[in-house]
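Undergrad: Could you put together the complete structure from these sequences and hints?
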Amino acid sequence: MASPVRVGVNAVRWQPYEVMLHGPTAGNPFVEVALRAEFRTGERTLTAHGFYDGDGVYRVRIMPDEQGRWTFRTISGMPSLDGRTGAFDCLPAGADDHGSVRVCDQFHFQHADATRYLPVGTTMYAWTHQPVELEEQTLATLAGTPFNKVRMCVFPKSYRYNTNEPVRYPFEDGDVLRPNPEFFRHLERRVGELGALGIEADVILFHPYDRWGYAAMGAAADDRYIRYVVARLAAFPNVWWSMANEYDLVTAKSDEDWNRLAELVRSTDPHGHLLSIHNWTRFWDNGAPWVTHASMQRVDVYRTTENVGVWRAEWGKPVVVDECGYEGDIEQGWGNLNAQELVRRCWEGTVRGGYVGHGETYLADDEVLWWSKGGVLKGESPARIAFLRAILEDAPGAGIDPQPSPSDVPIGGVADRWQLAYFGFNQPRLHTFTMEPGTRVAGCRASRSPGPPPAETSGVTVAPGSSGALTLGERGPQPDSCRHSRPSMRSQSTRPPAPRTKSARRWACTSPSGVSSTT
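Position one of the sequence shown corresponds to residue -10 (the numbering used here), numbered consecutively onward.
Quick caveat, the hints were computed from the structure, so don't treat them as lab data.
Please note that a few of the clues may not be correct.
Between beta-carbon pairs, the in silico distance windows are [to be verified]:
1. Arg174 - Val(-2): 20 to 26 Å
2. Ala132 - Leu238: 28 to 34 Å
3. Gly31 - Glu182: 30 to 36 Å
4. Val290 - Gly72: 57 to 63 Å
5. Ile64 - Arg292: 48 to 54 Å
For every residue, glycine included, the Cβ atom is placed at its ideal position computed from N, Cα and C.
TA: So, in structure tokens, the structure goes:
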């Protein structure tokens, strides 16, 4: 008798669609049974790998990316799973469904439907290994933040402030050849809940902070694990793959191992999700073909996002500084930045053409630190980062690129349209910019970044035939002048209050066409 095939009536574009079959339970189906399915629409074929989900249940998942009629056929060495066929219709995407994130314009990102995506990330390594009440609290907290990406580990973590055992384990009875379906069902549920909040899940496949042996399972077990987790999660539109957190501390693996495993991810994932590898002190060669974007940690305890422009030039890919240090007060130097310094690093990376992630490590008696277990946020930086995200969203184009800059201030923006200058530690009372004569500056404003901007001043025109100098400061824009000009710095109730910081001032100028030009 042919095994039953359970298929939903219809699929939805860019959402997981699943074929479920019943098959053998004898022996170890995780190792002994191979299953895949070919999904076709028009002239296209996508191959998705199946997985065993326990109790005789096998599943194959796909994320249909085109509307219309799809058909499928299963392929397996097991007769009960082989040659199963079916068809379904893929309906239009929902209003909030934009598809997976991809690289665009070389250094930036967009969704499959060409909607711009600006990564504003945070880190919660072990949040899915905690009691359900804490996980639910974490999701509730995220819903009120500016963060649209979360770095998270598949495996539990053993490190400072991470001494508790996980609620569930990834393998049955510690046998690395037998994945625990309950563990992975829980993981994919949380990934789906992040997606419902509009948050990308940057899924970290390996890490060195381990007391269970997951970092040193051996090549054969590593390969099986990769096939299994990718088969389960690749159909989720909000998944990114990170081969490792701090790969150079995973001493059981060589560079050849990482390349092999990365190619395995690529060959198993029919949807080509973003793929990176994260360093501790030794940078990976992010020019490797399989790397879609550079996932970076700081250079040392001080320097970090100042290097974004160098990394962009070296690798020719988007630069995401996933770990520039954390706002907090723990003993370790990477985890006791004040809010102002963390935000400064975020702005530095932004104007240099990169994307910078947040993290928080405030001590707690219960050892619930956001950077690992989630919970609630205690710091001041998220509100400041929300303001930065608003600036990013105001910019035209795919994202901010480095622009020609004077030696004393980096400038980013969109060539000939929009500029953002960030003074970092410096606090000039005024600053003169050089613009093309004839440039119309409809209005300028200045504020202590990342606080709220004041009302705009009246506009000016850089006179034809002039030097093109525009001085911003106390009394608004002054073309061909060096007069002090600093607008009043009134707070707006719709913005968070300015932080207690000696950070830079920001000047924003809007052209008559409505295109924002920020200097």
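Undergrad: It remains to establish, for every hint, whether it holds in the given structure.
TA: Hint by hint, here is what the structure shows:
no., hint, verdict
1, Arg174 - Val(-2): 20 to 26 Å, "holds, 23 Å"
2, Ala132 - Leu238: 28 to 34 Å, "holds, 33 Å"
3, Gly31 - Glu182: 30 to 36 Å, "holds, 33 Å"
4, Val290 - Gly72: 57 to 63 Å, "holds, 59 Å"
5, Ile64 - Arg292: 48 to 54 Å, "holds, 52 Å"
This entry satisfies every hint, going by the numbered hints stated previously.
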